[in-house]
Amino acid sequence: MSGPYEHITIPEGDKISTASDGTLETPDTPIVGFIEGDGIGPDIWKTSQHLFDSAVKHCYGGKRTVSWMEIFAGERANDVTGSYLPDETIQAIKDFGVAIKGPLTTPVGGGFRSLNVALRQKLDLYSCVRPVRHFPGVPSPVKHPDWVDMVIFRENVEDVYA
62 MSGPYEHITI
72 PEGDKISTAS
82 DGTLETPDTP
92 IVGFIEGDGI
102 GPDIWKTSQH
112 LFDSAVKHCY
122 GGKRTVSWME
132 IFAGERANDV
142 TGSYLPDETI
152 QAIKDFGVAI
162 KGPLTTPVGG
172 GFRSLNVALR
182 QKLDLYSCVR
192 PVRHFPGVPS
202 PVKHPDWVDM
212 VIFRENVEDV
222 YA
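Counting from 62, one number per residue, gives the positions in the sequence shown under our numbering.
Do not take every clue at face value.
What the hints assert, rightly or not - Once the Cα atoms are required to be at most 25 Å apart in a straight line, the calculated DSS-like pairs of lysine-lysine come out as:
| hint | residue 1 | residue 2 |
| --- | --- | --- |
| 1 | LYS204 | LYS155 |
| 2 | LYS162 | LYS204 |
| 3 | LYS76 | LYS162 |
| 4 | LYS162 | LYS118 |
| 5 | LYS183 | LYS204 |
| 6 | LYS118 | LYS183 |
| 7 | LYS76 | LYS204 |
| 8 | LYS124 | LYS107 |
| 9 | LYS107 | LYS76 |
| 10 | LYS107 | LYS162 |
| 11 | LYS183 | LYS124 |
| 12 | LYS107 | LYS118 |
Hint data in this document are derived by calculation from the structure and do not stem from the laboratory.
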């Protein structure tokens, strides 16, 4: 599959789409964008990709696979495109509807603004939703860990996160 991107290669596979009722329709080979990340990002990504691929294979008995599409942000993006957050990266995330990212460089004391903040603002990722529950067999510091079942919502684009 070819596309309108200068530095992004679209792999074989299909886009995740949204049905008229708002539910996601995931094809057997969804294309999922990934940003490798900076620092330890490449090492984390190799392991994460293997884990995700193994989980999909296990859950679907080999009938589904993820088609990974590298998109660029951070130091690698600057090396490849000359920009830390290329417009085509934002467009690819919008076009394909899903992406996963590794840790990105956050400047300390100057340089450029946080790429994480820029991604949140450009993609209007206004909330961070964190489900919290206990998994049996995992040690816990609370008295009744099996009672823990909550969701934490954190506003993501104002105040200290902007």
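Taking the hints in turn, this is what the structure says about them:
1. LYS204 to LYS155: 44 Å, violated
2. LYS162 to LYS204: 35 Å, violated
3. LYS76 to LYS162: Satisfied, since the Cα-Cα distance of roughly 18 Å is no more than 25 Å.
4. LYS162 to LYS118: 21 Å, holds
5. LYS183 to LYS204: Not OK: LYS183 and LYS204 at ~42 Å, beyond 25 Å, violated.
6. LYS118 to LYS183: Measuring from Cα to Cα gives roughly 33 Å; hence the hint is violated.
7. LYS76 to LYS204: Given that 25 Å is the threshold and the Cα spacing comes to 45 Å, the pair is violated.
8. LYS124 to LYS107: The hint holds at about 22 Å.
9. LYS107 to LYS76: Distance of about 23 Å is within 25 Å: holds.
10. LYS107 to LYS162: Since the Cα atoms of LYS107 and LYS162 sit roughly 12 Å apart, the hinted pair holds (cutoff 25 Å).
11. LYS183 to LYS124: It is violated: about 35 Å lies between the C-alpha atoms, which goes past 25 Å.
12. LYS107 to LYS118: 17 Å, holds
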